[in-house]
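Q: One letter stands for each residue in the lines below.
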Amino acid sequence: MSEHKNDLIEYLLRLADNAMINGQRLCEWCGKAPALEEEMALMNVGLDLVGQARNWYEYAAELLNDGRDADQLAFRRDERAFRNLLLVEQPNGDYAVTTLKQFLFDAWHFHTLSALSHSSDARIAGIAAKGLKEVTYHLRRSSEWMERLGDGTEESHRRLAAAVDELWRFTHELQEADALEQRLADAGLAADAEAVAAAWRSTVAQVFNSATLSVPAPASYFYLSGKRGLHTEHLGILLAEMQFLQRAYPDATW
Amino acid sequence: MYAQLVETGVKRVKTLEEMSTEERAFQERIDAEIKIEPKNWMPDAYRQTLIRQISQHAHSEIVGMLPEGNWVTRAPTLKRKLQLMAKIQDEAGHGMYLYSAMETLGADRDEEIAKLHSGKAKYSSIFNYPTLNWADMGAVGWLVDGAAIVNQVILQRTSYGPYSRAMIRICKEESFHQRQGYEILLTMMRHGTQAQKDMVQDAINRLWWPALMMFGPSDADSPNSAQSMAWKIKRMSNDELRQRFIDQTVPQLEFLGCTAPDPDLKWNEERGHYDFGQINWQEFYDVLKGNGPCNHERIATRRKAIEDGAWVREAAVAHAAKRQQKQQAA
Chain U
1 MSEHKNDLIE YLLRLADNAM INGQRLCEWC GKAPALEEEM ALMNVGLDLV GQARNWYEYA
61 AELLNDGRDA DQLAFRRDER AFRNLLLVEQ PNGDYAVTTL KQFLFDAWHF HTLSALSHSS
121 DARIAGIAAK GLKEVTYHLR RSSEWMERLG DGTEESHRRL AAAVDELWRF THELQEADAL
181 EQRLADAGLA ADAEAVAAAW RSTVAQVFNS ATLSVPAPAS YFYLSGKRGL HTEHLGILLA
241 EMQFLQRAYP DATW
Chain H
1 MYAQLVETGV KRVKTLEEMS TEERAFQERI DAEIKIEPKN WMPDAYRQTL IRQISQHAHS
61 EIVGMLPEGN WVTRAPTLKR KLQLMAKIQD EAGHGMYLYS AMETLGADRD EEIAKLHSGK
121 AKYSSIFNYP TLNWADMGAV GWLVDGAAIV NQVILQRTSY GPYSRAMIRI CKEESFHQRQ
181 GYEILLTMMR HGTQAQKDMV QDAINRLWWP ALMMFGPSDA DSPNSAQSMA WKIKRMSNDE
241 LRQRFIDQTV PQLEFLGCTA PDPDLKWNEE RGHYDFGQIN WQEFYDVLKG NGPCNHERIA
301 TRRKAIEDGA WVREAAVAHA AKRQQKQQAA
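Protein chains in written order, with my numbering: chain U, 1 to 254; chain H, 1 to 330.
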């Protein structure tokens, strides 16, 4: 494992940041959801994700062993150091945008954690297996909402189709494996990105079909890369809000 | 408290002799501490009073998510963020639980929510105060949920069965929130910097009096209390509950190392209670009438959520209908 330590830290941060930023976006829905049941569900999913982020950050902090803890990784890194997918940092938009964003991520997350629960690293396998139980629920929920909105009213279908037009370009990132992921996958530590991408495409095709949506052509190369810390302009503002207290009172204990 | 001013529409409590046979049988059941259940006969005024009280209580849970939602995106650590998210989730659940209890009385959830949005129905005055620093999350948990618990512990014995059972369930979670809130403040006072200690005292200064107002007008100005007490909807008077809250809260305040913004607060050996200063009742009635610091924002936010979400709810209904059609065709 030691030969892969730096890769592993980077990979754990990607997993952690994905869950953290998605959870943060869900927090923004508090008090604004279309129904009370959705208030509960959104906070429930967000709670699961922030909890998973904490688990990944803690493991990353142990491997880093540079005095930083999970909170410092979440609240003291700048946007160039964040490794989340561009998809999860996109603004919530209307409920169609939020639903689609969540579904596309949940499908990817589900297949990723399914693979990671067989990781040769017991710690990763454990965190993934625990998270997978939660993400199975997330995926079921967002798939059901995809169907309700896609095959609901004319307006809901139109809004969901518009959301696809807006967000599909970011799915390129869910489809590409970089060298780091390949090295870790070869070592049996990380998910095989090609296999995850294929499973993701199949889930998306199935749910889009039930939602009476057509699957767009595969998204083409996009100039930014969340994995390399090259984000959209949305992340900086999100972090300014999320990290404010830790930045303003660096000596504080909360 | 989450329902601090509930009209009973009754000017004078009837004696047993003045009651009809049905009314008398109902009152005797109440006096014998037998719970009233949805299918039992009940006076219309009892039903309407409970609908008003339980809906106010439910509305308070929902509007009460907003002052905390204001800080959930800025919570300072992963642990605090998770706690706050869990708490907000509980509150949405409490709201749903209370709306269900209210519906056993024949009221409609959407109609009651529409009354809230039009300003006809009330919610607890406390949620019209802004949350201005992180310590407010601790102070809301400790003082606001603390006041709610004092009220709800008594309401566990309220005469209407579904309401009483809702309170038993909700109290367990509220107690947990209150301890977490206090722990937030204690951490800041024991291990925090001077700036954090100042935040705590500032939060207490701003929320102390509004928390005391949660128990409603003083007994002398509670014309509806006599009937609510006779029906055992209320089991203790506003002033009794307020005194109980102050007596149990002041030692916790001292343990924190903070002070109350009340120069008249002191232990009265003779009464065995804390004496405290005069509540600003003008402010209380202003806030209740809609002229508090955040009344406008709170209602505007809730109204917008429901209006913006209309197309989502319509889609869900349309999809359910399509699905049913398909199943019938198959």
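Because the hints were derived from the structure by calculation, they are not lab data.
Worth double-checking, as some hints may not be accurate.
[Stated by the list, open to error] For lysine-lysine, the following BS3-like pairs were computed, each having C-alpha atoms within a straight-line distance of at most 27 Å:
| id | chain 1 | residue 1 | chain 2 | residue 2 |
| --- | --- | --- | --- | --- |
| 1 | U | K133 | H | K289 |
| 2 | H | K11 | H | K232 |
| 3 | H | K79 | H | K197 |
| 4 | H | K120 | H | K232 |
| 5 | H | K289 | H | K11 |
| 6 | U | K130 | H | K79 |
None of these values were measured; they are calculated from a predicted model.
Q: Give a verdict on every hint.
A: Hints, one by one, checked against the model:
Simply put, K133(U) and K289(H) have alpha-carbon atoms about 47 Å apart, too far for the 27 Å limit, and the pair is violated. Annotation: proposed proximity of K11(H) to K232(H) holds, straight-line Cα distance about 17 Å (limit 27 Å). Of the pairs offered as hints, the one joining K79(H) and K197(H) holds, with about 20 Å between alpha carbons and a cut-off of 27 Å not exceeded. Taking the CA atoms of K120(H) and K232(H), the gap is about 25 Å. The hint holds against a cut of 27 Å.
Taken as a hint, the K289(H) and K11(H) pair is honoured in the structure, with Cα atoms around 22 Å apart against an allowance of 27 Å. At most 27 Å may separate the alpha-carbon atoms for a hinted pair to count; K130(U) and K79(H) meet this at roughly 18 Å.
Violated hint: 1 only; the structure is consistent with all others.
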